[in-house]
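Trainee: So the sequences go chain by chain: A, B and C. Numbering-wise (my numbering), the first sequence opens with residue 41 and increments by one. Numbering-wise (my numbering), the second sequence opens with residue 930 and increments by one. Numbering-wise (my numbering), the third sequence opens with residue 96 and increments by one.
Worth flagging that the hints you see were computed from the coordinates, not collected in a lab. None of the values given here were measured: they were computed from a predicted structure. Positions of the beta carbon are idealized from the N, C-alpha and C atoms, including for glycine. Please note: incorrect hints may appear among the correct ones.
Straight line, CA to CA, 16 Å or less: simulated EDC-like cross-link-like pairs of lysine to aspartate or glutamate [unchecked claim]:
no., chain 1, residue 1, chain 2, residue 2
1, C, K338, A, E305
2, A, K384, C, D193
3, A, K72, C, D264
4, A, K123, A, E191
5, C, K298, C, D320
6, C, K174, A, E76
7, A, K384, A, D267
8, C, K146, C, E199
9, A, K384, C, D320
10, C, K137, C, D277
11, C, K229, B, D1037
12, C, K298, B, D1006
13, C, K225, B, E1000
14, C, K225, B, E1004
15, C, K225, B, E984
16, A, K384, C, E199
17, A, K384, C, D264
18, A, K384, C, E186
FRET-style restraints, in silico, Cβ to Cβ [stated by the list, open to error]:
no., chain 1, residue 1, chain 2, residue 2, range
19, A, G319, C, P339, 25 to 35 Å
20, B, E967, A, F144, 21 to 31 Å
21, C, P173, A, A58, 35 to 45 Å
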Amino acid sequence: MIEKALQGNRTYWTWIGALLAVMIIGGLFYLKQFNEGLTITGLSRDVTWGFYIAQFTFMVGVAASAVMVVLPYYLHNYKAFGKLTILGEFIAIASVIVCMGFIFVDMGQPFRILNVFLHPSPQSLMFWDTVVVFGYLMLNVVISRVTFSAERKGIAPPKWIKPIIYLSIPWAVSIHTVTAFLYSGLAARPFWMTAILGPRFLATAFAAGPALLILIALWMRRNTNFDAGHDAIHKLGIIVTYAMSVNVFFITVEVFTAVYSGIPEHISHFKLLYTGLEGNNTLVPWMWGSSLFAIISLVLLINPKTRSKDKILAFSSVLVFLSIWMDKGLGMVVAGFVPSPVGKVVHYSPTLPEVMISLAVYSAGILIVTILYKVALSVRESIS
Amino acid sequence: MYDGGKIILGLIIFLGLILFPVWYNIANGKAGYTPDLEIITADDPGRDACVMSSEYMRPYHMDLLNEWRDEVVRERDRIHVAPNGKEYNRSLTGTCMDCHSNKENFCDRCHTYMDVNPYCWECHNIPEGGQR
Amino acid sequence: MKISRRQFIATSGLASLGLMLDKPAKALAKADLPQKRPLVGKRWAMVVDLKKCHEQENCTKCIEACHHEHNVPDFDNPKDEIKWVWKEGFEHAFHEQDNPFLNEELKHSPTLLMCNHCDEPPCTHVCPTKATWKREEDGIVMMDWHRCIGCRYCVAACPYGSRSFNYRDPRPFISESEFNQDYPTRMRGVVEKCTFCEERLAKGELPACVEACEAHALVFGDLEDPNSEIRHILEERFTIRRKPALGTQPEVYYIV
């Protein structure tokens, strides 16, 4: 099957080449980081997690979102998602690999990473996160492989795969819940220590992931002979609408609790994000941008007349994806560290090497998705 | 076998290349070469024995060090009892390298020969000036 | 990897055979063993008398002693900074004690901070490799720098900012004159912090900061020993701890 990925036109190879180039450049920056240490990032004594861990968190959400196509198809027998499930699972696979990549580049001693399994520590949420994320990868590899090869042979998938698919549904929820617990269980960081962090993570996941899938499906319909179907794509649009509405509601709930109670330890982090704190206002434009994008996207998505137009749906999906990325991939992690436990406001922004390494990790994920999709498309073409 | 001759020729060339270090050393008369280790304090009276026998230390010193490491740091057990009953402080810098103070001619010579790169000394000190 | 029993017996047998053939075993020399008896306690704790400390204006002897003892590098920038013991303005150290009319002198006076060696340490709970753990025998929150993978979860979990990460190789930043040959350095990519000088306790010595403090502002002792100096101080004086509401039970007490 994989040989299908080796046959492609000029555009395909240019794309692959570009991704590889980014990976090589980022890889060189990683070599520098490997030799000199994380000092080449913007991280500091007070802000010890930054861009890498934020991207990890965001991508766990994208990975978990596969459940939004798997669940309607398998639990509710919603046939229109039939063609999409495999695309969702492939995104999940690539996203989980991206997550692992971000964890790896964030480690101070990456070669010791197996210590997590050599000295398992069930009291640590990070141990559980490793377990569920790795398990989720395995589930999706098995499920997509089995169902896809059945499709290729034109037969029904074997019966034993059904329970595994059902298992993957709560498992997807678990990966993002555990990732949220990683943060929300820390008494030291009032900004994260909120019971709604888990639900918020899930809402953002179920908005950003399907938004990405809409964009991919629309692109494929136009540029390849794979059509997920108008119904399926627009059903995804409804999922995005609900999830994004819930997300915005959750953010409002968070802001209300912090602002109305007025507890300095809670409110100061929101000040950092939305008004700037003690002259540190790097994140302010991003956070307002995120809010603006969220509002525009909701206006366009909630109204059925605008949502039903492909172009507006695509535009809204871009806004949703970016809004959530700015909130989760930029603001969420850093704001937990500033102000520091002794009330100090420290500045953080990612450095060039940090961004290049991140781009390389993302490129690896996009490369994986490209190859998997290429195989899926070619196989489907040869069937029909 | 199709193309048997070509395959065998290819294998010979492949083996010739991959085994380059072996026949290069044979050609140079260094086939039986083993590093010659110097123990500075060998003749020093009172330092008659290592914490374990040489037969043990040669292949297993890294395991012993790992064990010392875990037991000192994690179990607070700092005393090693040698086979002859003598007690030693479990310490790479303080005990091992007190006798084997010539790191270059003892540790490094063999590690280079074996092509291993233990990173002990990135943190642990080498006694007596020289490189820290 | 543990050495198997068979390996051990085989090799020690060989070794004793070798000894018999060679020369008789020398009298048991203990020259390289610690001379003093180790200091043993069940729950180590520290009292910092801020009044006594402030009387010694700009004194940094305890910090210097600690950082020299443990080969703590000086990067001269706050980004990569590593500190085991340091000073922070009272309003920062105890910023939950928000009080605009706080005694001016106290408000800005530097307060000595270090790892609190909490009874319920959040940092050890989150560690995914058990590279940091609380020693049950004496309450010291330990670090195993051989095992730490540098994920920095413990740094995120510590409510006191007591942990530092080695963003770069520390060795070039330890001056020759400051170097302590008897203590290892760290390698880049691991987290470090105050260990209540467990290596000195094992040699029967008090923590370096306590020993260095001429004003006797630092008192170190065993809370489980009712006759210890620290217990007398805690009974007689009013002391506070940092962020007690979090339930971490910090073991560094402050007299203000």
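Trainee: Determine for every hint whether it applies to the structure shown.
Mentor: Against the structure, the hints come out as follows:
no., hint, result
1, C/K338 / A/E305, "12 Å, holds"
2, A/K384 / C/D193, "14 Å, holds"
3, A/K72 / C/D264, "13 Å, holds"
4, A/K123 / A/E191, "10 Å, holds"
5, C/K298 / C/D320, "20 Å, violated"
6, C/K174 / A/E76, "15 Å, holds"
7, A/K384 / A/D267, "53 Å, violated"
8, C/K146 / C/E199, "14 Å, holds"
9, A/K384 / C/D320, "38 Å, violated"
10, C/K137 / C/D277, "26 Å, violated"
11, C/K229 / B/D1037, "36 Å, violated"
12, C/K298 / B/D1006, "13 Å, holds"
13, C/K225 / B/E1000, "14 Å, holds"
14, C/K225 / B/E1004, "13 Å, holds"
15, C/K225 / B/E984, "34 Å, violated"
16, A/K384 / C/E199, "20 Å, violated"
17, A/K384 / C/D264, "26 Å, violated"
18, A/K384 / C/E186, "11 Å, holds"
19, A/G319 / C/P339: 25 to 35 Å, "32 Å, holds"
20, B/E967 / A/F144: 21 to 31 Å, "42 Å, violated"
21, C/P173 / A/A58: 35 to 45 Å, "39 Å, holds"
Comparing the model with each numbered hint stated earlier shows that hints 5, 7, 9, 10, 11, 15, 16, 17 and 20 do not hold.
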